[in-house]
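Protein chains: 2
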Amino acid sequence: MLSNKQLKYLKSLHLRKFRQKYGILVAEGVKTVTEIFDHPGSPIEGVYAVQEWLSENVHLVSKYRDKIFAVTENELAAISQLKTPNQVLCVLKQPVFSYEDEDLSSGFSLYLDDIRDPGNMGTILRIADWFGVRWVFCSKNCVEVSNPKVVQASMGAFLRVKTQTVSLQELRANYQGLPFLGTSLAGDSIFKIDLPEAGIIVIGNESVGISEETEQLLTQKIKIPRHPNGGAESLNAAVATGIICSVLQRF
Amino acid sequence: MLSNKQLKYLKSLHLRKFRQKYGILVAEGVKTVTEIFDHPGSPIEGVYAVQEWLSENVHLVSKYRDKIFAVTENELAAISQLKTPNQVLCVLKQPVFSYEDEDLSSGFSLYLDDIRDPGNMGTILRIADWFGVRWVFCSKNCVEVSNPKVVQASMGAFLRVKTQTVSLQELRANYQGLPFLGTSLAGDSIFKIDLPEAGIIVIGNESVGISEETEQLLTQKIKIPRHPNGGAESLNAAVATGIICSVLQRF
Numbered sequence: 003m004l005s006n007k008q009l010k011y012l013k014s015l016h017l018r019k020f021r022q023k024y025g026i027l028v029a030e031g032v033k034t035v036t037e038i039f040d041h042p043g044s045p046i047e048g049v050y051a052v053q054e055w056l057s058e059n060v061h062l063v064s065k066y067r068d069k070i071f072a073v074t075e076n077e078l079a080a081i082s083q084l085k086t087p088n089q090v091l092c093v094l095k096q097p098v099f100s101y102e103d104e105d106l107s108s109g110f111s112l113y114l115d116d117i118r119d120p121g122n123m124g125t126i127l128r129i130a131d132w133f134g135v136r137w138v139f140c141s142k143n144c145v146e147v148s149n150p151k152v153v154q155a156s157m158g159a160f161l162r163v164k165t166q167t168v169s170l171q172e173l174r175a176n177y178q179g180l181p182f183l184g185t186s187l188a189g190d191s192i193f194k195i196d197l198p199e200a201g202i203i204v205i206g207n208e209s210v211g212i213s214e215e216t217e218q219l220l221t222q223k224i225k226i227p228r229h230p231n232g233g234a235e236s237l238n239a240a241v242a243t244g245i246i247c248s249v250l251q252r253f
Numbered sequence: 003m004l005s006n007k008q009l010k011y012l013k014s015l016h017l018r019k020f021r022q023k024y025g026i027l028v029a030e031g032v033k034t035v036t037e038i039f040d041h042p043g044s045p046i047e048g049v050y051a052v053q054e055w056l057s058e059n060v061h062l063v064s065k066y067r068d069k070i071f072a073v074t075e076n077e078l079a080a081i082s083q084l085k086t087p088n089q090v091l092c093v094l095k096q097p098v099f100s101y102e103d104e105d106l107s108s109g110f111s112l113y114l115d116d117i118r119d120p121g122n123m124g125t126i127l128r129i130a131d132w133f134g135v136r137w138v139f140c141s142k143n144c145v146e147v148s149n150p151k152v153v154q155a156s157m158g159a160f161l162r163v164k165t166q167t168v169s170l171q172e173l174r175a176n177y178q179g180l181p182f183l184g185t186s187l188a189g190d191s192i193f194k195i196d197l198p199e200a201g202i203i204v205i206g207n208e209s210v211g212i213s214e215e216t217e218q219l220l221t222q223k224i225k226i227p228r229h230p231n232g233g234a235e236s237l238n239a240a241v242a243t244g245i246i247c248s249v250l251q252r253f
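Top to bottom, those sequences are chains A and B.
Residue numbering for the first sequence follows the numbering used here, starting at 3 and increasing by one per position.
Residue numbering for the second sequence follows the numbering used here, starting at 3 and increasing by one per position.
Rather than coming from a laboratory, the hints here were simulated on the basis of the structure.
Please read all numbers here as calculations on a predicted model, not as lab measurements.
Do not take every clue at face value.
[Said to hold, decoys possible] Capping the alpha-carbon separation at 20 Å, the derived lysine to any residue pairs in SDA-like fashion look like this: (1) B:K164 with A:N231; (2) A:K225 with B:L250; (3) B:K164 with A:P230; (4) A:K33 with B:N207; (5) A:K151 with B:V249; (6) A:K164 with B:K164; (7) B:K194 with A:F193; (8) A:K194 with B:R252; (9) A:K33 with B:R118; (10) A:K33 with B:G233; (11) A:K194 with B:G233; (12) B:K151 with A:L84; (13) A:K194 with B:K151; (14) B:K151 with A:P120; (15) B:K85 with A:F193; (16) B:K164 with A:G232; (17) B:K194 with A:V249; (18) B:K151 with A:S236; (19) B:K151 with A:Q154.
Isolated chain A, as found in the complex (with noise of 0.2 Å):
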């Protein structure tokens, strides 16, 4: 039985406001909060579960004893931010990347320039986990790392790929020797052009791809070339930029 002052702290993570304000990011449901106790290291805050969950999970009841809370169902729907809320939700700090300690020149990294779809940021990260991207910066416009569909729809990824939020001027400026490659209708297919060993992959608006003043700072434009006998408009962002890893990261 949560107390009423636990119960309002946690409706109040449903608001980016108060995410921001207590570093926080919530996730929801068997799958990833198992995800989260397997990771090493996760900054988990509070786990609140029904019975049925605690009683399966025993072994991981009594090693974070003091952090986790059993829910009634009722409990459960009233902090969930889900339409079916699924057995356990997991409070967790949020972490903070600093990539001023890290080499950016050995590998590949992404750069997401105002993605504004949760799904599509959750899955981009899902897809930079599963080709070994270490790091996705973001825009200041993108939908935040902490937003519940974002934690969703990574699959665990938010855990193990590092996030910032950094203006590409910034990063340019502190890698000048490192490729920016970006999407444009005037770009090279990504088929035919020699690859680089490294550098910063820019994914562009889900509506409106790479703006102007962002393309000015790509040292290569890339297109994902569509076929002849193709109709579609465009590629979705988080297809594009699974197909682009897909060419980069080849081993």
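We have chain A already, so just place chain B on it with the hints.
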């Protein structure tokens, strides 16, 4: 102003059973409806638009006079399935295709094995459309193409890509010489195999992948290898489809 009969009919289309009964799909929003008008021979049954859209599209209004109905914002909200309706809603006869008259052995087709998420289904149609894949076959448990979220996510691709519900057994029996490729953990890397010139690409369900029963029907098992530094358990089904299509349809 819509009659009660019209309102009742349009609201009934929120339910799958009535869309199926009437053989109808509903497309919403300025962008999708513009694509419908641009597509030759779109089987338009009715267009329901607010005055603002009608004023901006006078040429269409005169051409399709007897099919276009002015609605108020409130009426549009009542017949729309979107949270924020976007000026215009279009009712179309659902095109019915049959592969029997076609030659599938001259290129690649997709077979979707229980794709349940409408966003994925729509995105896969968009991918097929981009890469010039003309046929997307669906197992009977796939989300139906007339689902409004499928229509929305397909960004007009539902007009150009042919779909049909059919069992994989039937396709396999009718195309005995054709490669049937599908992803499997035990598959060969898509980046290393000799690529066929044509065939059926089988895409598995979002949670469980390709079923054992389906795997029996494949002639070649493939996989998109995970990077040695990668962590994710899997890729999103639409992203995997995009990567496989980009590899097979490269030109």
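Against the structure, the hints:
1. B:K164 with A:N231: holds, 14 Å
2. A:K225 with B:L250: Between A:K225 and B:L250 the Cα gap is close to 17 Å, so the pair holds against 20 Å.
3. B:K164 with A:P230: Judged against 20 Å, a Cα distance of about 17 Å means the pair holds.
4. A:K33 with B:N207: holds, 17 Å
5. A:K151 with B:V249: violated, 30 Å
6. A:K164 with B:K164: Given that 20 Å is the threshold and the Cα spacing comes to 40 Å, the pair is violated.
7. B:K194 with A:F193: holds, 15 Å
8. A:K194 with B:R252: Holds, at about 10 Å.
9. A:K33 with B:R118: The hint holds at about 18 Å.
10. A:K33 with B:G233: holds, 15 Å
11. A:K194 with B:G233: Violated, at roughly 29 Å.
12. B:K151 with A:L84: holds, 18 Å
13. A:K194 with B:K151: Roughly 35 Å separates the two Cα atoms, so the pair is violated.
14. B:K151 with A:P120: Holds - the C-alpha atoms of A:P120 and B:K151 are around 16 Å apart, at most 20 Å.
15. B:K85 with A:F193: violated, 40 Å
16. B:K164 with A:G232: Status holds; Cα separation ~13 Å.
17. B:K194 with A:V249: Holds, at roughly 13 Å.
18. B:K151 with A:S236: Within the cut-off at roughly 18 Å; holds.
19. B:K151 with A:Q154: holds, 19 Å
In summary, the numbered hints that this structure violates are 5, 6, 11, 13 and 15.
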